[in-house]
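*Asks:* Each chain, written out:
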Amino acid sequence: QTSAVQSSSDGSSVTLFGIADVTYGYGTGSIASKSQLYSGGNTASRLGFRGVEDLGGGMAAGYWLEAGLNIDDGSTGTTNTNNQPNGSVGGFNFNRRATVSLMDFWGEMRAGRDFTAHYRNRTDVDPFSNNGAGTSQPQAGSIGGPTSTRASNIIAYYLPPNLGGFFGEVQYYFGENGSPAPIEHDGTGYSGRVGYATGPFAIALAAGRTKFARTATSGDIDSANLGVSWDFKVVKVMGGYYRDKVDKLPEITATGYLVGAVVPVGFDQFKVSWSTYGTDATGDPTARKWAFGYVYNFSKRTALYATYARVSNSGGSTTAVNGSLTDPNRSSSGYDLGMKLAF
Amino acid sequence: QTSAVQSSSDGSSVTLFGIADVTYGYGTGSIASKSQLYSGGNTASRLGFRGVEDLGGGMAAGYWLEAGLNIDDGSTGTTNTNNQPNGSVGGFNFNRRATVSLMDFWGEMRAGRDFTAHYRNRTDVDPFSNNGAGTSQPQAGSIGGPTSTRASNIIAYYLPPNLGGFFGEVQYYFGENGSPAPIEHDGTGYSGRVGYATGPFAIALAAGRTKFARTATSGDIDSANLGVSWDFKVVKVMGGYYRDKVDKLPEITATGYLVGAVVPVGFDQFKVSWSTYGTDATGDPTARKWAFGYVYNFSKRTALYATYARVSNSGGSTTAVNGSLTDPNRSSSGYDLGMKLAF
Amino acid sequence: QTSAVQSSSDGSSVTLFGIADVTYGYGTGSIASKSQLYSGGNTASRLGFRGVEDLGGGMAAGYWLEAGLNIDDGSTGTTNTNNQPNGSVGGFNFNRRATVSLMDFWGEMRAGRDFTAHYRNRTDVDPFSNNGAGTSQPQAGSIGGPTSTRASNIIAYYLPPNLGGFFGEVQYYFGENGSPAPIEHDGTGYSGRVGYATGPFAIALAAGRTKFARTATSGDIDSANLGVSWDFKVVKVMGGYYRDKVDKLPEITATGYLVGAVVPVGFDQFKVSWSTYGTDATGDPTARKWAFGYVYNFSKRTALYATYARVSNSGGSTTAVNGSLTDPNRSSSGYDLGMKLAF
Numbered sequence: 343q344t345s346a347v348q349s350s351s352d353g354s355s356v357t358l359f360g361i362a363d364v365t366y367g368y369g370t371g372s373i374a375s376k377s378q379l380y381s382g383g384n385t386a387s388r389l390g391f392r393g394v395e396d397l398g399g400g401m402a403a404g405y406w407l408e409a410g411l412n413i414d415d416g417s418t419g420t421t422n423t424n425n426q427p428n429g430s431v432g433g434f435n436f437n438r439r440a441t442v443s444l445m446d447f448w449g450e451m452r453a454g455r456d457f458t459a460h461y462r463n464r465t466d467v468d469p470f471s472n473n474g475a476g477t478s479q480p481q482a483g484s485i486g487g488p489t490s491t492r493a494s495n496i497i498a499y500y501l502p503p504n505l506g507g508f509f510g511e512v513q514y515y516f517g518e519n520g521s522p523a524p525i526e527h528d529g530t531g532y533s534g535r536v537g538y539a540t541g542p543f544a545i546a547l548a549a550g551r552t553k554f555a556r557t558a559t560s561g562d563i564d565s566a567n568l569g570v571s572w573d574f575k576v577v578k579v580m581g582g583y584y585r586d587k588v589d590k591l592p593e594i595t596a597t598g599y600l601v602g603a604v605v606p607v608g609f610d611q612f613k614v615s616w617s618t619y620g621t622d623a624t625g626d627p628t629a630r631k632w633a634f635g636y637v638y639n640f641s642k643r644t645a646l647y648a649t650y651a652r653v654s655n656s657g658g659s660t661t662a663v664n665g666s667l668t669d670p671n672r673s674s675s676g677y678d679l680g681m682k683l684a685f
Numbered sequence: 343q344t345s346a347v348q349s350s351s352d353g354s355s356v357t358l359f360g361i362a363d364v365t366y367g368y369g370t371g372s373i374a375s376k377s378q379l380y381s382g383g384n385t386a387s388r389l390g391f392r393g394v395e396d397l398g399g400g401m402a403a404g405y406w407l408e409a410g411l412n413i414d415d416g417s418t419g420t421t422n423t424n425n426q427p428n429g430s431v432g433g434f435n436f437n438r439r440a441t442v443s444l445m446d447f448w449g450e451m452r453a454g455r456d457f458t459a460h461y462r463n464r465t466d467v468d469p470f471s472n473n474g475a476g477t478s479q480p481q482a483g484s485i486g487g488p489t490s491t492r493a494s495n496i497i498a499y500y501l502p503p504n505l506g507g508f509f510g511e512v513q514y515y516f517g518e519n520g521s522p523a524p525i526e527h528d529g530t531g532y533s534g535r536v537g538y539a540t541g542p543f544a545i546a547l548a549a550g551r552t553k554f555a556r557t558a559t560s561g562d563i564d565s566a567n568l569g570v571s572w573d574f575k576v577v578k579v580m581g582g583y584y585r586d587k588v589d590k591l592p593e594i595t596a597t598g599y600l601v602g603a604v605v606p607v608g609f610d611q612f613k614v615s616w617s618t619y620g621t622d623a624t625g626d627p628t629a630r631k632w633a634f635g636y637v638y639n640f641s642k643r644t645a646l647y648a649t650y651a652r653v654s655n656s657g658g659s660t661t662a663v664n665g666s667l668t669d670p671n672r673s674s675s676g677y678d679l680g681m682k683l684a685f
Numbered sequence: 343q344t345s346a347v348q349s350s351s352d353g354s355s356v357t358l359f360g361i362a363d364v365t366y367g368y369g370t371g372s373i374a375s376k377s378q379l380y381s382g383g384n385t386a387s388r389l390g391f392r393g394v395e396d397l398g399g400g401m402a403a404g405y406w407l408e409a410g411l412n413i414d415d416g417s418t419g420t421t422n423t424n425n426q427p428n429g430s431v432g433g434f435n436f437n438r439r440a441t442v443s444l445m446d447f448w449g450e451m452r453a454g455r456d457f458t459a460h461y462r463n464r465t466d467v468d469p470f471s472n473n474g475a476g477t478s479q480p481q482a483g484s485i486g487g488p489t490s491t492r493a494s495n496i497i498a499y500y501l502p503p504n505l506g507g508f509f510g511e512v513q514y515y516f517g518e519n520g521s522p523a524p525i526e527h528d529g530t531g532y533s534g535r536v537g538y539a540t541g542p543f544a545i546a547l548a549a550g551r552t553k554f555a556r557t558a559t560s561g562d563i564d565s566a567n568l569g570v571s572w573d574f575k576v577v578k579v580m581g582g583y584y585r586d587k588v589d590k591l592p593e594i595t596a597t598g599y600l601v602g603a604v605v606p607v608g609f610d611q612f613k614v615s616w617s618t619y620g621t622d623a624t625g626d627p628t629a630r631k632w633a634f635g636y637v638y639n640f641s642k643r644t645a646l647y648a649t650y651a652r653v654s655n656s657g658g659s660t661t662a663v664n665g666s667l668t669d670p671n672r673s674s675s676g677y678d679l680g681m682k683l684a685f
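Chains as they are written, first to last, in the working numbering: chain A, 343 to 685; chain B, 343 to 685; chain C, 343 to 685.
Hints are computed from structural coordinates only; laboratory data are not their basis.
Since the list gives no way to pick one copy over another, a pair counts as held whenever it fits inside one copy or between any two copies.
Calculated pairs, DSSO-like style, for lysine-lysine (alpha carbon to alpha carbon, straight line, at most 30 Å): (1) K642 / K578; (2) K642 / K575; (3) K553 / K376; (4) K376 / K590.
Chain A extracted, bound-state conformation (with noise of 0.2 Å):
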């Protein structure tokens, strides 16, 4: 016999995922152009372990453990430990989640490190789903800082999901970065996001808060996005609306947009978006990305795919594809060419 592995607990359950994703990336720009291989251009790449334990009369407790990886370098993660701008620690981490939660009617408690709520509305209705050459403007030039993807020791509520079609949650999390004032309170915040989903329709709001004390580098962060997508079947169709400040001095205030477009045929996929973002800083400094993409589905679980993209800039802005180098105001452009497994 072969199967051997196993739980330690009886009744325990664990399950064992991960993606493994290498892409190589080639990026070119006024300045230097870039080749490289790199991990995460269709789907980042990770490892985790997950349960749920049935706890009877709808009750039920479940834990998260998922940790980040590279596929070109065999490199691991890094986690922010307090949600501070120099935070992080490296080594393999979950650093994309880790988290316990209770479950009931009631809808779920959870906490540990997780997505803030208002970082959802930029993956949801992104077709590449900030990731590789196409990752959305939004996303990529985000002022949104320590806290715009995840954030450390959360404690969240979610709504149950049958509450017809409507769905939310609302996050605390702590900064812990002691007692001594100004900083006191840095890396302490909270986010929301209420949404409706129904059939092909789906629309969600979120806004997030999280302190720091004001400074010429620092200050509060707000961030604030709406997401909508209707999925036509050839073609799902959506859009974002996304609106960063950080309240340092002086405040500054970013501005973005996405529309995107994906369509399926069979298992395969085209994808196409548009999207933008800038702040008002001097001169106004403003990034406008293209990106294409083709999904070439294998299975469920393997695909082959490629990605172009091609940025423009304004008002001083430099942002460059894939590693590449440009000049203010100079466009530049990459592409992707990679492998991905589900497990």
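Got chain A sorted already, so can you dock chains B and C onto it with the hints?
*Replies:* What follows is chains B and C alone, placed relative to chain A:
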């Protein structure tokens, strides 16, 4: 079919196991209070891989890899490679245990990183098993240095389990600190433990020494302790005596006591402990702690828990609960509210 | 029921595998001796996750994640992200291998971190597979730099297995060192290997080059080698020739040889090897090593082993065994006593 995790070799067995424990912790002292989300208020969070191979004729071989992790931020554990004061390395490490064993009628030979023998009387008789706000003072204040809890590079022998209640272990561990005198033996040491357990009664005596060159801040560390417990079914009572000595200039000796009780009511548990630990440094600084705990077990694997603890200080001691700060000789208190899953 | 580890996707397959190997190692030289517990005296300790998905029509996709670890202290491996002299990052990393593969009748495309092609003739014909005190001198003394054993960012092609005994692979790897001359190509390279294996006989030739800017301490590294083995059943004999050149100022060339034999007796093995490696630096420093090994296999997965090795130095060489120190041109010897489990 979905069940598809398997180990690589014929007849091979891998057991995947872990703990996911997350806690809201609050502490208050005369100087500062602290609110935080942390991990391991009831049981330290971990992920592990272990297995045993039956070699026939009563002989068996085993391995055990156990890594610490934190649910609050996804970060992972540090280990101390060679038992040195500054020997810690971060990232995901099998810091909790990394051993290979060979077992037969004569007992067990075990090599690698593990608990030191002189640690076990600190955790075995603590109702809170040295976790969370209820952690005993002989653990929280230990002057036992780098090998107070675990050591690397251990070669150990364990008595077989069928000696009429007698049990015991001896360990020798290498500091591997290189040749130059006087620090060539830093981190090298030995430890042993003998005990007797029959029916409801258990008693164990342990002692260990780890060598460090004698200076104003370090020196050989001797730890000796005694643990006793009696399980009356309706209540299990336990007690411990602890003595640690650091042979620096001048020498310092610490003495501690613990008395505790656990009352199981169905799957629920009520816990109480009183412990003290103090040194003969100037003023005889000493801390005394009361801890009260309640655990609600949903199942054998999942529990909610609450702990309250209060520390009194004398002789200049400033021990505080859950990351709060308190002035010399002032008290501090705090509590944990958490959830634990085992898998 | 207890068997409950499963992978997340329908039809998904995860194989969990590993090695736990711990060794007592002793070495002695003219300056200093050393006793230590270390990991991997017979086979490097590791933990891995791999899988293959059958895509139909003879096509398959695979992934392989393999991380190094140490049983003696629980610490985990470092990887080199971009093949740079100072490119190592610590923590738990899939430093041993992190690849994605696509396989069909035409062979295998593989991308990620893996052994370099020019490494394999060092391990394949070493009776000790480059582990422990018996490690061959062409491995122990290699001047082959950051890609001597593995490289990151590899794109590789492997011939299919059905070519009448011919096998081969070619690799290209990216240094990703950015644009500024002259170090822009540091860590970029290519390697290839061709061979022929039929019945008991195998031969393989490999060569690789990794680029580094030419200075007094670094320059392009060329490695070429030849490995041969013949399995006479009662004894397998093997030999290797190695040549490494670093094109620094001035250029340095190293030459090495190995002859070895493995005698299997039931599950037991006796091993012997003689190897030498020396450079054309001033004095022609050269080390010669005899190594003798015995492995007692309890089963296919579990073994005890002992190795004895002795190194002779000339031309100013100071090579020593197992962490001991020896004067120029003095010899050094040492031994390993260890246990290995595979899972």
